[in-house]
Amino acid sequence: MSRRKPVWLSCLTASSLFLWTVLAVFPFLWMFLISFRAPVDAFSSSPKLFAPFTLSNFYQIWVVDEFWRYAINTSIVTLATVAVSLTIGCLAGYALARYRGSLGFWLLVAALVFRALPHVVLLTAYKPAFFQLGIWSRYETLVVVLVAINQPFTIWMLRAFFVNIPHELDEAAMIDGCSRWKAFRLVIIPVMWPGVITAGLFSFLLAYNDFLIASQLMNGEMTTMTAALGNYMGQNTSLSKVMYGVAGAVTVTIPIVILIYAFQKQIVAGLTAGAVKG
Amino acid sequence: MKLRTFLAFVAPSVAIMVILIAVPLVGIVYLSLFQSHTKTELVELTVEVPTFGGQTRRDTRMSPQPVLDSSGNPVRVWTYVGARNLEKATDLDQLAQALDTMRDGAEGGLLRRMYQEATNIDFWAALEFTLLYTFITTPAMLAVGLGLALAVNSVTRRLRGTLVFATLLPMIVTPIVSSLAVYWLFLDNSLISTLTNELGFGRFYFLADQVTTRTLIICYGIWFSAPFAFIILYAGLQTLPQEPLESAMIDGANEWQRLRYVIVPHLAPLITVIALIHIMDAYRVFEPILVFSSDVYASSVQYLTYFVLAYEDNIHKAAAYSLLTIVGVILLLVPVLRHSFKERRVQL
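Going down the list, the sequences are from chains A and B. Using our numbering, the first residue of the first sequence is number 1, and each one after it goes up by one. Using our numbering, the first residue of the second sequence is number 279, and each one after it goes up by one.
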């Protein structure tokens, strides 16, 4: 469609895209690179591109510091969070897409306000309450809390997807004698998967990326991978311990990179669905 | 859909939000009105104190011990203190003093001194940087995002997938990890400071100075959030109708005029949504501040509350900060909410 662009503009475009790609990827690449080095080579005062290769950081954090425990905790917590929040989120998202009264609008506004709350606000209330109830540092507690925090975003996003499923579809089923529930089960569930996968990805990311809640709600062996990285931070940490942290950070990053690679389309679709149609 | 069916469908979702979001919000108001301490009593304790030669001496003294209830837990005493927690959190006295400095004299730079005194108070310092962060990163991430969207839109299709993949990384990788990755680059004697030294700009200690620390955190914020703006604006560009663009070209509009008068107006609704979501997220900036341990130079409201909760272990003070945070969120959201109410009325 367009005429030929001025040369300077093409140059600017190309160079800024190149610069951005370097900026976006480089911190992670460097982290990956130094995770295989001894502390001296990683933070030496004249950085080297090539340095002796070692796996000792990974050995230390995975075997000696028992990072695998946290990896198992993370898997349990994130999978349970995704399952629960999708189940209840689908029901609510579907109802919000089909109901025409003003109650639905108010629910969405409330969800928007809840979505804006900093998580530490809720944590302040959980801390004394969970101690009193004796449900501190348990998988169930963390899962339920993450599901709740996730819910406002999930119902907004799923609603946007359900609005796109033509309402004639379930109405036809209801004319044929289905109840609302049966129509949902037989007609909507089979066609809703693209939206559900996308919403599931974002639930996964929220649960997996959470540091604040898990680091305060779980202690000792119960904590998640992300929260366990907290042990390797701070200015007073020795350099060798920092290196274990680098290995841990690389470990946490790998599943995310695979996820982006495999589900790039769905992630983009989800981001746009939330904003464009919501 | 009937109201009853609607209620049945949303019930589980609403129940979990009420129990774990709405009720805790009320709980915070309650917590912020009280102070509590562990009840203690003086108990006569007899201990064997070793003296020299393997001898011991019995020593009896009064010592404060926590009172235990029937199940063996320490008893906590709650006292109602009203708004005192809030007053302490905002340190109104000191703020008033800071304001008085302005009235006392009329010499120049007073506003600046007043500002400095006010930002000596934890809460105001945290609020100051939170707002600074929010209001700098919002336009910047929109500009970078728009630039990227335009640039990616003009390259060949084959490159686009790779570019989107690279762009998603800063946004989607665990924020703690991406903060750490940036932090490790900027550590003293690490890659960047060595590079600047060897290129002849001198050695920077990025994390030991207010200006560089703040710049670094704000740049991190832009780097972290621009991909979000990019993805949405890029999707918006795909729906851009070609006719207005072509007619603009026929009328002799140059690249800049086409951007300013055709493309940006088309994207305006999206820009509003991105700005709204980003403001909500920027207001709770936390990870870079924790990772850079920058709270001396740049703190945030969420970090301050976290610190009080985790290290001072003072739930009442934390509740007061939380309450102030909620007020801030509501103030930020009011314009948006009013806007959506108006739209709703139009729809009805």
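Accuracy of the hints is not assured; some may be wrong.
[As the list claims (entries may be wrong)] If you want the footprint, here are the derived chain B segments under chain A, 3+ residues with CB under 8 Å:
1. 408 to 420
2. 448 to 460
3. 567 to 579
[Unchecked claim] Once the Cα atoms are required to be at most 27 Å apart in a straight line, the calculated DSS-like pairs of lysine-lysine come out as:
4. B:Lys317 x B:Lys366
5. A:Lys127 x B:Lys366
6. B:Lys620 x B:Lys280
7. B:Lys280 x A:Lys182
8. B:Lys280 x A:Lys127
9. A:Lys182 x A:Lys48
Honestly, the hints are just simulated from the structure, not real lab data. In this text, a Cβ means the ideal position worked out from N, Cα and C, and glycines have one as well.
Now the hints, each set against the structure:
As drawn, the segment 408 to 420 of chain B meets chain A at 0 residues by the rule of a beta-carbon pair under 8 Å; below three, the given contact is violated. Taking a C-beta to C-beta cut-off of 8 Å, the segment 448 to 460 of chain B contributes 11 residues in contact with chain A, enough for the three needed, and the coverage statement holds. Counting residues of the segment 567 to 579 of chain B whose C-beta lies closer than 8 Å to any C-beta of chain A gives 4; at least three are required, and the coverage claim holds. A distance of roughly 23 Å separates the Cα atoms of B:Lys317 and B:Lys366; the hinted pair therefore holds under the 27 Å criterion.
For the suggested pair A:Lys127 and B:Lys366, the alpha carbons sit about 21 Å apart, so the restraint of at most 27 Å is met. Simply put, B:Lys620 and B:Lys280 have alpha-carbon atoms about 25 Å apart, close enough for the 27 Å limit, and the pair holds. Distance check on the hinted pair: B:Lys280 and A:Lys182 sit about 15 Å apart at the alpha-carbon level, within 27 Å; holds. Between B:Lys280 and A:Lys127 the alpha-carbon distance is near 39 Å, which puts this suggested pair outside the 27 Å criterion.
About 64 Å separates the Cα atoms of A:Lys182 and A:Lys48, which puts this hinted pair outside 27 Å; it is violated.
When each numbered hint is compared with the structure, violations occur for hints 1, 8, 9.
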